[in-house]
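> In the working numbering, the protein residues as written are 9 to 121.
It should be emphasised that the hints constitute simulated quantities derived from the structure, not laboratory data.
Since the structure is predicted, the reported quantities are computational estimates derived from the model, not experimental observations.
Any given hint could be a false lead.
With a Cα cut of at most 20 Å, we get these calculated SDA-like pairs of lysine to any residue [what the hints assert, rightly or not]:
#1 K119 / T20
#2 K119 / M38
#3 K37 / I56
So the derived label-pair ranges between C-beta atoms look like this [what the hints assert, rightly or not]:
#4 E90 / V64: 22 to 28 Å
#5 S101 / N69: 24 to 30 Å
#6 S17 / K61: 34 to 40 Å
#7 K89 / P120: 18 to 24 Å
#8 V102 / Y14: 34 to 40 Å
#9 P60 / A105: 24 to 30 Å
#10 K61 / L84: 14 to 20 Å
#11 Q81 / S101: 32 to 38 Å
#12 Q66 / V102: 15 to 21 Å
#13 S65 / G104: 33 to 39 Å
#14 P60 / K89: 18 to 24 Å
#15 K89 / E57: 30 to 36 Å
Using N, Cα and C, we set each Cβ at its ideal position, and we do this for glycine too.
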Amino acid sequence: MCVAKYRRSIFTAESLDLIEKSFREVAEKMNFQILEFNGEGNHAHALIEYPPKLSVSQMVNALKGVSSRRYGQAGLPKPHKEALWSPSYFALSVGGAPLEVLKEYIRNQEKPS
């Protein structure tokens, strides 16, 4: 889960689509998979499957960096003059949880209009 800077509600359905596209491009280049993606006005959730050779911090840095750059290039407003994302993130291992339950949770986020 990645949170917008200052947890401001700035994301729309259009901007989340742009972020998802950016995330998927990064995942393809770095050889991991975005199994599910969605978000709300102030944060985004992604269910990621990745090989053990990648660290979570490497993936998150790439995801947030590329998506922030593309977001700015699209002319969308950022919550801070240069930053889209809060510097923190939340990651949780789900090795034993049923993937369908997790996918359903992410799908049920209240995507803004």
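> Next, verify each hint and record whether it holds.
Verification of the hints:
1. K119 / T20: Holds, at roughly 7 Å.
2. K119 / M38: violated, 27 Å
3. K37 / I56: Given pair K37, I56 holds - Cα atoms ~14 Å apart, limit 20 Å.
4. E90 / V64: 22 to 28 Å: Distance hint for E90, V64 holds at roughly 24 Å.
5. S101 / N69: 24 to 30 Å: violated, 19 Å
6. S17 / K61: 34 to 40 Å: holds, 36 Å
7. K89 / P120: 18 to 24 Å: Given about 22 Å between the Cβ atoms, the range holds.
8. V102 / Y14: 34 to 40 Å: violated, 28 Å
9. P60 / A105: 24 to 30 Å: violated, 18 Å
10. K61 / L84: 14 to 20 Å: About 33 Å separates the Cβ atoms of K61 and L84, which means 14 to 20 Å is violated.
11. Q81 / S101: 32 to 38 Å: Given a distance of about 33 Å, which is inside 32 to 38 Å, the answer is holds.
12. Q66 / V102: 15 to 21 Å: holds, 19 Å
13. S65 / G104: 33 to 39 Å: violated, 23 Å
14. P60 / K89: 18 to 24 Å: Hint violated: Cβ distance 38 Å, outside 18 to 24 Å.
15. K89 / E57: 30 to 36 Å: Taking Cβ atoms as reference, K89 and E57 lie about 35 Å apart, which means the hint holds.
Checked against the numbered hints above, the structure breaks hints 2, 5, 8, 9, 10, 13, 14 and satisfies the rest.
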